[in-house]
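There are 2 protein chains.
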Amino acid sequence: MAKMKAKALPTQAEDFSAWYNDIVYRADLVDLGPVRGTMIIKPYGYSLWENIQKNLDAMFKATGHENLYFPMLIPMSFFQKEAQHVEGFAPELAVVTHAGGKELEEPLAIRPTSETIIGEAYSRWVQSYRDLPLLYNQWVNVMRWELRTRPFLRTTEFLWQEGHTAHATAEEALAETRQMLDIYATFAEEFGAVPVIKGEKTEGERFAGALMTLTIEAMMRDGKALQSGTSHYMGENFARAFDITFNDVNNEQAYAHTTSWGLSTRFIGAIIMTHGDDKGLIMPPKLAPYQVVVLPIYRANDEAAKAGVMAEVDALAAALREQGVRVKVDDREGLSPGRKFNEWEQKGVPLRLEVGPKDLEQGVAQLADRLTGAKEAVALGAVAERVPAALAAFHEALLERARAYRDEHTYDAASFDEFRERVEDGFVYAPHCGEPACEEAIQEETKATARCIPLEGPSAEGAVCIRCGRPSGYERKVVFAKAY
Amino acid sequence: MAKMKAKALPTQAEDFSAWYNDIVYRADLVDLGPVRGTMIIKPYGYSLWENIQKNLDAMFKATGHENLYFPMLIPMSFFQKEAQHVEGFAPELAVVTHAGGKELEEPLAIRPTSETIIGEAYSRWVQSYRDLPLLYNQWVNVMRWELRTRPFLRTTEFLWQEGHTAHATAEEALAETRQMLDIYATFAEEFGAVPVIKGEKTEGERFAGALMTLTIEAMMRDGKALQSGTSHYMGENFARAFDITFNDVNNEQAYAHTTSWGLSTRFIGAIIMTHGDDKGLIMPPKLAPYQVVVLPIYRANDEAAKAGVMAEVDALAAALREQGVRVKVDDREGLSPGRKFNEWEQKGVPLRLEVGPKDLEQGVAQLADRLTGAKEAVALGAVAERVPAALAAFHEALLERARAYRDEHTYDAASFDEFRERVEDGFVYAPHCGEPACEEAIQEETKATARCIPLEGPSAEGAVCIRCGRPSGYERKVVFAKAY
Numbered sequence: 001m002a003k004m005k006a007k008a009l010p011t012q013a014e015d016f017s018a019w020y021n022d023i024v025y026r027a028d029l030v031d032l033g034p035v036r037g038t039m040i041i042k043p044y045g046y047s048l049w050e051n052i053q054k055n056l057d058a059m060f061k062a063t064g065h066e067n068l069y070f071p072m073l074i075p076m077s078f079f080q081k082e083a084q085h086v087e088g089f090a091p092e093l094a095v096v097t098h099a100g101g102k103e104l105e106e107p108l109a110i111r112p113t114s115e116t117i118i119g120e121a122y123s124r125w126v127q128s129y130r131d132l133p134l135l136y137n138q139w140v141n142v143m144r145w146e147l148r149t150r151p152f153l154r155t156t157e158f159l160w161q162e163g164h165t166a167h168a169t170a171e172e173a174l175a176e177t178r179q180m181l182d183i184y185a186t187f188a189e190e191f192g193a194v195p196v197i198k199g200e201k202t203e204g205e206r207f208a209g210a211l212m213t214l215t216i217e218a219m220m221r222d223g224k225a226l227q228s229g230t231s232h233y234m235g236e237n238f239a240r241a242f243d244i245t246f247n248d249v250n251n252e253q254a255y256a257h258t259t260s261w262g263l264s265t266r267f268i269g270a271i272i273m274t275h276g277d278d279k280g281l282i283m284p285p286k287l288a289p290y291q292v293v294v295l296p297i298y299r300a301n302d303e304a305a306k307a308g309v310m311a312e313v314d315a316l317a318a319a320l321r322e323q324g325v326r327v328k329v330d331d332r333e334g335l336s337p338g339r340k341f342n343e344w345e346q347k348g349v350p351l352r353l354e355v356g357p358k359d360l361e362q363g364v365a366q367l368a369d370r371l372t373g374a375k376e377a378v379a380l381g382a383v384a385e386r387v388p389a390a391l392a393a394f395h396e397a398l399l400e401r402a403r404a405y406r407d408e409h410t411y412d413a414a415s416f417d418e419f420r421e422r423v424e425d426g427f428v429y430a431p432h433c434g435e436p437a438c439e440e441a442i443q444e445e446t447k448a449t450a451r452c453i454p455l456e457g458p459s460a461e462g463a464v465c466i467r468c469g470r471p472s473g474y475e476r477k478v479v480f481a482k483a484y
Numbered sequence: 001m002a003k004m005k006a007k008a009l010p011t012q013a014e015d016f017s018a019w020y021n022d023i024v025y026r027a028d029l030v031d032l033g034p035v036r037g038t039m040i041i042k043p044y045g046y047s048l049w050e051n052i053q054k055n056l057d058a059m060f061k062a063t064g065h066e067n068l069y070f071p072m073l074i075p076m077s078f079f080q081k082e083a084q085h086v087e088g089f090a091p092e093l094a095v096v097t098h099a100g101g102k103e104l105e106e107p108l109a110i111r112p113t114s115e116t117i118i119g120e121a122y123s124r125w126v127q128s129y130r131d132l133p134l135l136y137n138q139w140v141n142v143m144r145w146e147l148r149t150r151p152f153l154r155t156t157e158f159l160w161q162e163g164h165t166a167h168a169t170a171e172e173a174l175a176e177t178r179q180m181l182d183i184y185a186t187f188a189e190e191f192g193a194v195p196v197i198k199g200e201k202t203e204g205e206r207f208a209g210a211l212m213t214l215t216i217e218a219m220m221r222d223g224k225a226l227q228s229g230t231s232h233y234m235g236e237n238f239a240r241a242f243d244i245t246f247n248d249v250n251n252e253q254a255y256a257h258t259t260s261w262g263l264s265t266r267f268i269g270a271i272i273m274t275h276g277d278d279k280g281l282i283m284p285p286k287l288a289p290y291q292v293v294v295l296p297i298y299r300a301n302d303e304a305a306k307a308g309v310m311a312e313v314d315a316l317a318a319a320l321r322e323q324g325v326r327v328k329v330d331d332r333e334g335l336s337p338g339r340k341f342n343e344w345e346q347k348g349v350p351l352r353l354e355v356g357p358k359d360l361e362q363g364v365a366q367l368a369d370r371l372t373g374a375k376e377a378v379a380l381g382a383v384a385e386r387v388p389a390a391l392a393a394f395h396e397a398l399l400e401r402a403r404a405y406r407d408e409h410t411y412d413a414a415s416f417d418e419f420r421e422r423v424e425d426g427f428v429y430a431p432h433c434g435e436p437a438c439e440e441a442i443q444e445e446t447k448a449t450a451r452c453i454p455l456e457g458p459s460a461e462g463a464v465c466i467r468c469g470r471p472s473g474y475e476r477k478v479v480f481a482k483a484y
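Quick note, the sequences are listed as chains A and B, same order. Heads up: the first sequence is residues 1 to 484, going by my numbering. Heads up: the second sequence is residues 1 to 484, going by my numbering.
Quick caveat, the hints were computed from the structure, so don't treat them as lab data. Every value quoted in this text rests on a predicted model; they were computed, and no experiment measured them. Some hints here could point you the wrong way.
[To be verified] To give a feel for the contact side, a few chain B residues facing chain A, derived at Cβ under 7 Å:
| # | residue |
| --- | --- |
| 1 | Y46 |
| 2 | A94 |
| 3 | T97 |
| 4 | L335 |
Just so you know, even glycine gets a beta-carbon here, dropped at the ideal spot from N, CA and C.
Please work from the sequences and hints to get the whole structure.
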């Protein structure tokens, strides 16, 4: 996590990675934490997370889920109970060995994810089929000790929600797994304006302990993929490991079928890299900390002009807030309007409303659009009505732009040579044999990975593997891309 | 944390402590975590916390505060920088020594509170008086390795909010400290129906590193006090320890003045013990997970009656939800109405609405009040209007009841013998010399502590210390009580 501030923002074309590492600090989303790989999420970034939480949480509750809270410290022995799970997570654990001035009898891990501690509780909470389903979620911090970290994309500590459900049948659990993927996809597109491909992970990319991992994959503006949310079907794996059994309708003992699903502060990275441009961030209106910034414009020391402008600015802000619009009035003294323009442009506030003495003479305010740069004069009395419509249109335009970008950078490949070339520039749909060794070979040769077997997409019937020529192992072509 | 379920709920009079330890599990607020001293906050308890968060957060934002997030792991060396702070917290730290499979170069503490890591960041964020004030808050988990733990009251891990502000002057910081105490007091009374005494802690009871600690103290139904929220003025202590300096208006370097203030899941304990009775919990309506439980009543197998009742129940629930009322429809099959009554009574839902065939014939529903046990027939068309009014009245009655209980158990003492007797039964206002040794002697002899020097209350002018006879050290009589 390098911090740069003195120079100009790098362009996306010259160095996308440098652009990202610069804009997250410039736009005041984060600061570095004192411990390697940690970040301070600053108010402008945290507000984005609060809006993500609020809207996603409402979708969870509307589908019958409740929130609860499990302890953060998990006995190390819990991880041993599910063989694949421990293999996946043990290397990344942060471990508490001392507390209250003494060495602990058993070391405790800070949760990297909570299947184990929740599985132990579910085994006590579930006795009969009448106790099922359990539909719970928690909003918490988790810790995975990663070597290479970048703000939002990969940090040792991050914030997320993790849903954990238990069901009487495989069918119900699978339906839940799919439902939560649909919720993530709907949320990403309808709130984040981030178009996503829904699909299933190949065996090698599955969550440690899952029978099936569903994912939403988004394309960043450098053509790379970002996994933005996942939903896992565990089958009976965790139920067997933690003894989550129940008496079914026939009074026979059965194992529960469990799922888990999560979306994290990584989604902020998706927003930044799906929408941002060379001027900085572009915030999707429904999640934007501020949807409109209002700039009062008057000459320094012209107190009469200032009074008139500020009175109108306050009235407009109040009228907008009454419409439910999130408004920031930038009335800081001693900063030029130009400097304020640049700052809010960089921070990606969707709309800018300028009010100066000349505007007031004409009874208008100037409404500027961060995406197109277009500016329109809006009658003062019409602002409160115009802004919500402009925000709705902004959302649609942003989503359309992202879809168009993705479509322009999505390819078929007739040969592995073409695959190799195309995958440098975006997503490639290609048939694959399904062999883990062949998938690994592709990764070694191209740095691209199988992002998912898409739920919808071109058929691979009768096709042969893009690399090895064996018959396709899946019904559909696999989406390959370089990924974060 | 002992768990009991088989027997009847102990009465408060026979064993208040056993009543508490039993009701938190019976009402399904918590479960035990696998690690000593930790708790799982179950959905019914967590929903209470969500309502606390939502309402308190709105009060913070209305007074100009923003949320952010600081990393949970703090380098051990940070604690050394403020001498009193390290003395207060070092014995309770949980320490991460290994991560990613390796021993760390420097051990990391899980935050017990975040003054140190925030102080380090503020030193970088503040350069000029123009950068001040910083008005930030975070909602997080913290860890203090306590030996004796009880759900909500004292757990090794708990949830809270911690506000941290920095100001240019002592006056501003003191005003902030007082403002946040007022917000806690207003919140406790207007949302929790928990009456509180606002006061200042004596020197011995101050937060480690603070120059002044303000507190709200509530009386539980066993006469003991529960500290329910605190607001600290740090002076320049943390600014000097972490070098939070700025150029003031005269371009001279000065230290910032900082504050911090917190309210935790402990407040759930205050709600339980301020309002609960021998039947179980009584939830304050504004924070209650469910404000009304609707019970459809019909004979098993009477499908016609069931259909009619359920249609009306659904219509009533929809009408109530439209009024913003939090409604639970208990339509579980195979459970008698009596069993459902008892369960919701124990869980303390303020109002119960019963709808049966006889009620429908008369065009009414029966509305029962958890506090008084009173039942009234309400015309079906009037329910949506009646319930919000009944909830408002319930809140007032609950607050009044708690105030009356506190006033009945609040005493003056003319002698130390009387003090000793009275403090077994509630709060005692008594003059005190202000000497820490004398305060400790009182604690040793009576187990009571100085809860606070109240901001309002009887004068101690010319009075002498209740124990040692030296002149009063404070303007007012001190509030003494046994405490959680």
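Hints, one by one, checked against the model:
1. Here the hint on B:Y46 is kept, as its CB sits about 5 Å from the closest CB of chain A, short of 7 Å.
2. Restraint check, B:A94 versus chain A: the minimum CB separation of about 4 Å is within 7 Å; hint holds.
3. At about 5 Å, the closest approach between the beta carbon of B:T97 and any beta carbon in chain A falls short of 7 Å, and the interface hint on this residue holds.
4. At a threshold of 7 Å, the smallest CB-CB gap from B:L335 to chain A is about 10 Å, leaving the interface hint violated.
When held up to the earlier numbered hints, the structure conflicts with hint 4 and nothing else.
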